[in-house]
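Participant: Each chain, letter by letter, is given below.
2 protein chains.
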Amino acid sequence: MAMKWWGWGQPDKGYALDRKPLFWPFLERRLGPALGEAAPVMELAAIALPPSRLSAEHHKALSAIVGADGVTTDHAERVHHSYGKSYRDLVRIRRGHVPHAPDAVVYPRSHDEVQAVLDCAREAGWRVIPFGGGTSVVGGVEVPPGQVGVFVTLDMARMDRVVAIDRESGTATIQAGVFGPALEEQLGREGYTLGHFPQSFEFSTLGGWIATRSAGQQSSKYGKIEEMVVGLRLATPKGTFDVRPIPAQATGPSLKELVVGSEGLLGVITEATVKVHRVPAVRDYRGYLMPSFEVGIRAMRDLLRQELRPATVRLSDRQETELFFKMREEPGSPVEAFVQQAGKWVLTRGGSIDFEGRCLLLVGFEGEASAVVSQWEVARPILKRHDGLSLGASIGRSWFRSRFDLPYLRDTLLDRGVMVDTLETATEWANLHDLYQAVDGALKEAIAKNGVAPFVMCHVSHVYHDGASLYFTFAGRQTPGRELEQWAEAKRAATDCLVRNGGALSHHHAIGLDHAPWMREYVGSIGIEALAALKEAFDPTGYMNPGKLLGPSAQASTPKGV
Amino acid sequence: MAMKWWGWGQPDKGYALDRKPLFWPFLERRLGPALGEAAPVMELAAIALPPSRLSAEHHKALSAIVGADGVTTDHAERVHHSYGKSYRDLVRIRRGHVPHAPDAVVYPRSHDEVQAVLDCAREAGWRVIPFGGGTSVVGGVEVPPGQVGVFVTLDMARMDRVVAIDRESGTATIQAGVFGPALEEQLGREGYTLGHFPQSFEFSTLGGWIATRSAGQQSSKYGKIEEMVVGLRLATPKGTFDVRPIPAQATGPSLKELVVGSEGLLGVITEATVKVHRVPAVRDYRGYLMPSFEVGIRAMRDLLRQELRPATVRLSDRQETELFFKMREEPGSPVEAFVQQAGKWVLTRGGSIDFEGRCLLLVGFEGEASAVVSQWEVARPILKRHDGLSLGASIGRSWFRSRFDLPYLRDTLLDRGVMVDTLETATEWANLHDLYQAVDGALKEAIAKNGVAPFVMCHVSHVYHDGASLYFTFAGRQTPGRELEQWAEAKRAATDCLVRNGGALSHHHAIGLDHAPWMREYVGSIGIEALAALKEAFDPTGYMNPGKLLGPSAQASTPKGV
Chain U
1 MAMKWWGWGQ PDKGYALDRK PLFWPFLERR LGPALGEAAP VMELAAIALP
51 PSRLSAEHHK ALSAIVGADG VTTDHAERVH HSYGKSYRDL VRIRRGHVPH
101 APDAVVYPRS HDEVQAVLDC AREAGWRVIP FGGGTSVVGG VEVPPGQVGV
151 FVTLDMARMD RVVAIDRESG TATIQAGVFG PALEEQLGRE GYTLGHFPQS
201 FEFSTLGGWI ATRSAGQQSS KYGKIEEMVV GLRLATPKGT FDVRPIPAQA
251 TGPSLKELVV GSEGLLGVIT EATVKVHRVP AVRDYRGYLM PSFEVGIRAM
301 RDLLRQELRP ATVRLSDRQE TELFFKMREE PGSPVEAFVQ QAGKWVLTRG
351 GSIDFEGRCL LLVGFEGEAS AVVSQWEVAR PILKRHDGLS LGASIGRSWF
401 RSRFDLPYLR DTLLDRGVMV DTLETATEWA NLHDLYQAVD GALKEAIAKN
451 GVAPFVMCHV SHVYHDGASL YFTFAGRQTP GRELEQWAEA KRAATDCLVR
501 NGGALSHHHA IGLDHAPWMR EYVGSIGIEA LAALKEAFDP TGYMNPGKLL
551 GPSAQASTPK GV
Chain E
1 MAMKWWGWGQ PDKGYALDRK PLFWPFLERR LGPALGEAAP VMELAAIALP
51 PSRLSAEHHK ALSAIVGADG VTTDHAERVH HSYGKSYRDL VRIRRGHVPH
101 APDAVVYPRS HDEVQAVLDC AREAGWRVIP FGGGTSVVGG VEVPPGQVGV
151 FVTLDMARMD RVVAIDRESG TATIQAGVFG PALEEQLGRE GYTLGHFPQS
201 FEFSTLGGWI ATRSAGQQSS KYGKIEEMVV GLRLATPKGT FDVRPIPAQA
251 TGPSLKELVV GSEGLLGVIT EATVKVHRVP AVRDYRGYLM PSFEVGIRAM
301 RDLLRQELRP ATVRLSDRQE TELFFKMREE PGSPVEAFVQ QAGKWVLTRG
351 GSIDFEGRCL LLVGFEGEAS AVVSQWEVAR PILKRHDGLS LGASIGRSWF
401 RSRFDLPYLR DTLLDRGVMV DTLETATEWA NLHDLYQAVD GALKEAIAKN
451 GVAPFVMCHV SHVYHDGASL YFTFAGRQTP GRELEQWAEA KRAATDCLVR
501 NGGALSHHHA IGLDHAPWMR EYVGSIGIEA LAALKEAFDP TGYMNPGKLL
551 GPSAQASTPK GV
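Protein sequence lines, in the order shown, are assigned to chains U and E.
First residue of the first sequence: 1, per our numbering; consecutive thereafter.
First residue of the second sequence: 1, per our numbering; consecutive thereafter.
No lab work stands behind these hints: they were computed from the structure.
You may find that some hints are simply not true.
Label-pair distances were calculated between CB atoms; the ranges are [said to hold, decoys possible]: (1) U:A182 <-> E:D387: 36 to 46 Å; (2) U:K384 <-> E:D119: 53 to 63 Å; (3) U:K384 <-> E:R161: 34 to 44 Å; (4) U:R278 <-> E:E123: 55 to 65 Å; (5) U:A38 <-> E:E168: 38 to 48 Å; (6) E:A182 <-> U:R305: 19 to 29 Å; (7) E:R161 <-> U:G149: 53 to 63 Å; (8) E:E294 <-> U:G239: 30 to 40 Å; (9) U:D119 <-> E:V378: 45 to 55 Å; (10) U:A182 <-> E:H100: 55 to 65 Å; (11) U:H100 <-> E:A488: 54 to 64 Å.
For each residue, glycine too, the CB sits at the ideal point set by N, CA and C.
Sequences are here, hints too, so could you generate the full structure?
Facilitator: Here it is in C-alpha cells:
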C-alpha cells in the first residue's frame, strides 16, 4: 500500500504552497473565489463498503496458493484497491463513495501463483482485476458498475525482483510488480537503467507501464515502453503465454504488440524482458525561452530532424510558462536567477520581457559526456535560429529534481475546491498547433459553460520523427454538487475534439473505463471487432478486467459459462 | 510483368561468371562435379496450366470494376503469377510444373476498385491472393495445393503513386503497389527517401514490404518497415479499415502492428503513410577485416552501444569472406586493390594474411557530412580496439553498387546444377554466435546426408540494441530427381534448429507456406489461437490468401458459407 488511500503519493508528503508565495495568489486570481465549501477527506473507517462476497472456502483456496498473508478482505485494503488516481477517483474516494470495491485482494509471489489464481477464478466464476501501482487515471483498476459476482484484485507488488541482467544483449528480465524506484535501484547497482520515468514513476510498476503503453519523460531517447519491451510472460485464462525475446522478426502480426496495451483484458503480465542502458554519465537539461508556442514547435521539430537523440524536449505554452514562473520559490532561487538573466537579455536588446508571449522550452541530453557535448553543439544553433533565449542549466536541474511532484498538487487544489485534471494526446507535426488550439478552445468553452473561469495550459513533449504529444492541464472552480458532471463535460468536450481532429485518443494514459466510449469511433468497427476477437481468444469466458478498453458492450456483464 | 517468369530480375540481365574468373572455379572445387544434367528452362508456351475456372460472366463483372485491360486469364500472366522466387519456385517453374495457377489476374487502379473486387470475390466464393512484386521466397503468393474453386490474384502494380508528401511531419502517403525504384524516384524528386532497400528492392513493392515485415539493408538507421509505417489503409472482406497516422498512442493493442506482417490474410494493403527522410548528403561505407567472426560480432555490438546510428553494419563469416574475395573481378579492380592493401598491412607486421580466419565487416554511415564524420570518429577507435584492419571506402562503394545483384546468381547456379538458397533469423547478442554455429552445423549435416559436399556461409546484419539477424546461404550439388526433397531436408533441419535455439522463425522473409508448419511451435498454441481469431475477425469466410502464415489447419479448404 504505497500511496495515500485518498490521494497521491507518500502519506507524509504534500505540495507545500507556502514555499511558492506567488503561485496560489496568481491561480486564485484566475480561478475566482471558491463556490462553496471544499469537501474534506472522509475518515477511512467511516467508508461503507459492500460486504465481501468471497466465501470462507474460497478464502482458504486462495490462501493455499498465495499464503495466508497473501489474501485479504481487509477494509482498508479493499478501499485502497477500489480506484486509481484520477480526478474522478479522488472526488469519489474523498466523500467515501465506494459502492463497488473488490471482494478480496490477492498478492501472488510468482508467475505460477498468478496462473493458479486465474485458474481458480475461472472455475469459481470470479472476475479478476490486475493491479500494479494503482495510479491509473482512466479507471483502469476499478470494479465497473452493473457487474455482479465476486471481484478479486491481483496486486502484483510482491513480484518485485530483477530476475537477470544480460549484459551482452543489453536486456534485463524483470518481474512485473516492481515499482519504479526499486527497479532502478536494482538495475543501478549493476550500472544499468531502464530509462522509463513517467510522472507516476515512484508509485507505478513495470507491468502497469506495459499494460497501459506508458511513456516516460525521457521517451525521446529510451522510447515508449513498447519500444523497451522485447519479451513477455503472461498468465492468461488459457495458461501461460510467452512472447520470446527476439530483437526483430517477420513472423506475422506482432504478438508482443498485442499484449502491450492490453490493460489486463488478455491476462496478467508477470514478467518482461526489456532493453537496459548504462546509467548515463551526464545529464544536461537546459531551458530556453522561445518567442511563441508555434515557433517553439518548429524548433522542436528541427531538433528531431537532425541526428540528435535528446532525452527530453518539452515546450510549455504561454499559460503553462507563466504558471511555471509563478511557481518559483523564494527570491534568490534558481528560478529567480534565470528570470533575472532573461531580464538582462531583454535589456541589452532594448525590449521589455513579455512572459505572456514567450514559451519555456526544456531540452535535455543524457549519455557519455562527449556525446552530450557534441549533441548540444548541433542543438544550440537550431534553437538560436528560432530566436531561443538560453536560460542555462539551473532551470533544467530544478525541473529534473521536481519532475515527480506535480501530482501532489491535485490534492492541495482539491482541498481548495478546485477541479483540476490532465489529458493527453498526440498528432503529427503538421497538425500539432491546430489540434492544440482546438482542444484548448473546447476545454475553455466546456468549463465556462458551468459559469466558472477556465484555466487551461499545455505542453508538447514525447517528440517523434513525425509528431509529438500534447499534454493539457485544465482547471476551474468546483461547482458544488456537480463536481463530477462538470468534470465529465470538460473531458467529453476535449475528447470529442481531439478524436475528431486527428489526435490520439490517448498518448500514454491508456483507455480504461473513461476513454472506452470513444474507442469505436477511434479505431472503427473493424478495429473493435479485431480487439474483441483477441479478447475472446485469450479469455473466452470474459473474466479478465471487465469493462476496460472495449467498454461494457464488447463483453458480457457476467462471465460466460458461469 | 517486371521479372523473368522463370527466374530473377530483368529479362536481359544475368549474373556474368566470366567477369569473375576466380569465383566459379573456386565454388566448383568446393561443390564437386555436377551429379547430372541440370534441368533447362522450359518454353513458356509449353507449360500446361489447368484451364481457368473464371466464367465469362465473372470476367465481365471484374472488367466492369477494373476496366477490360485490368483483368486477364492470359497464359503467360497466369504462369507469372503462379509462384514467388524461392528455390522451390524456380525448380518447379523451370520444369513447367504449375498445377495450381490462379484462374485470373486482376489489376486494380484504386482502393475502391480493390474493395469492389473483394466484395465481388466474397459473393462469388473466390479466393483472393494479393500480389506485389512476386518476390516472395516463402510461397507467399501461390495457390496452395488441396484447394478447389476459383483463385483470383490481385496484382497491385497499377497503384504506384506517391499520393502526398507532408514535409512538416516528415511523412508520405503512398499507394501500396509501387515498386522500390519508382517510389524512390518520386520521393527523390522532392528531396526525400524512404530508406528501405531490401535485396529485392528493384522488384518488390511497398505493400509487399509491409505485408511481410521486410527489412532493408539500411534498417539500422531507417528501421524495419514496421518502424517506417505510421498509417495504413486496408481493403478487407468487411470493408475499408484505416489505421490513423499517429506518432504514438496508448489505445490498446497496436492495430498497425496487427496489419504489418499479415501476409494478405486480413485484407489488401492499398495505401500507407510512412516516415520519409531527406536524401542523405553523404553515404560513407567502409570495409574492415576482423580477426574472427566472434570478435567481429563483439565489435558490431559495441558500435551499437554508442550513440551511433550506422545505416549498415554487416559482418561476413570466414566462408562468406573468402567467397567475397573470390568474387573480385579483373586484377586492378577495387577489390584487388584492397587485397593488396591487406597484404601490405600483414607484411609490415611480419605475418601472412589468413583469409580463412579473417572476416569482412562493412560499416556505412549516411546523412549530413558533419554527422557522418563525427560518427566515424566514434566508430574507428572501437573497430581498432577489436583489431579491425581498415580496407578503406572502395570496398564499401563496390558492395553498395552491387547490393541488389546476388539474386541473379541463383539462376546461373541452377543452370549448373547447384541447389542454392538463403534463410535468415535473428536472436539476442548473447546467443548470436551459438545460434550461428548450431544452424551452420545443422545445414552442413543435412546437406551432406545426401552425399553432396555442403557449402554454407553466413553474415550478421540488421543490428539492434539487443541483437542482430543471421543470414545464411547454403548450397550443394543438386541430386537429380530429388532436387526439392534435398532442399526441404536442409531447410527443415535449419528451421528446426533455429526455432529450438532461440532464433526468430524469420527475420524478414516472412512465413508464407514454407514456414507455416513451424508457427505453432514458434508462437505457442495461444499465439496461434490469437492470430486465428484475428483472421476470423477480418475475414470470417476465410477467402484471403489461404494457407499462408497459419497453415492449412487454421483455415477451411473452401471458404465458409459457399
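Participant: Are the hints correct? Go through all of them and say.
Facilitator: Hints and how they fare:
no.: 1; hint: U:A182 <-> E:D387: 36 to 46 Å; result: holds, 41 Å
no.: 2; hint: U:K384 <-> E:D119: 53 to 63 Å; result: holds, 57 Å
no.: 3; hint: U:K384 <-> E:R161: 34 to 44 Å; result: holds, 40 Å
no.: 4; hint: U:R278 <-> E:E123: 55 to 65 Å; result: holds, 60 Å
no.: 5; hint: U:A38 <-> E:E168: 38 to 48 Å; result: holds, 45 Å
no.: 6; hint: E:A182 <-> U:R305: 19 to 29 Å; result: holds, 26 Å
no.: 7; hint: E:R161 <-> U:G149: 53 to 63 Å; result: holds, 55 Å
no.: 8; hint: E:E294 <-> U:G239: 30 to 40 Å; result: holds, 39 Å
no.: 9; hint: U:D119 <-> E:V378: 45 to 55 Å; result: holds, 52 Å
no.: 10; hint: U:A182 <-> E:H100: 55 to 65 Å; result: holds, 59 Å
no.: 11; hint: U:H100 <-> E:A488: 54 to 64 Å; result: holds, 59 Å
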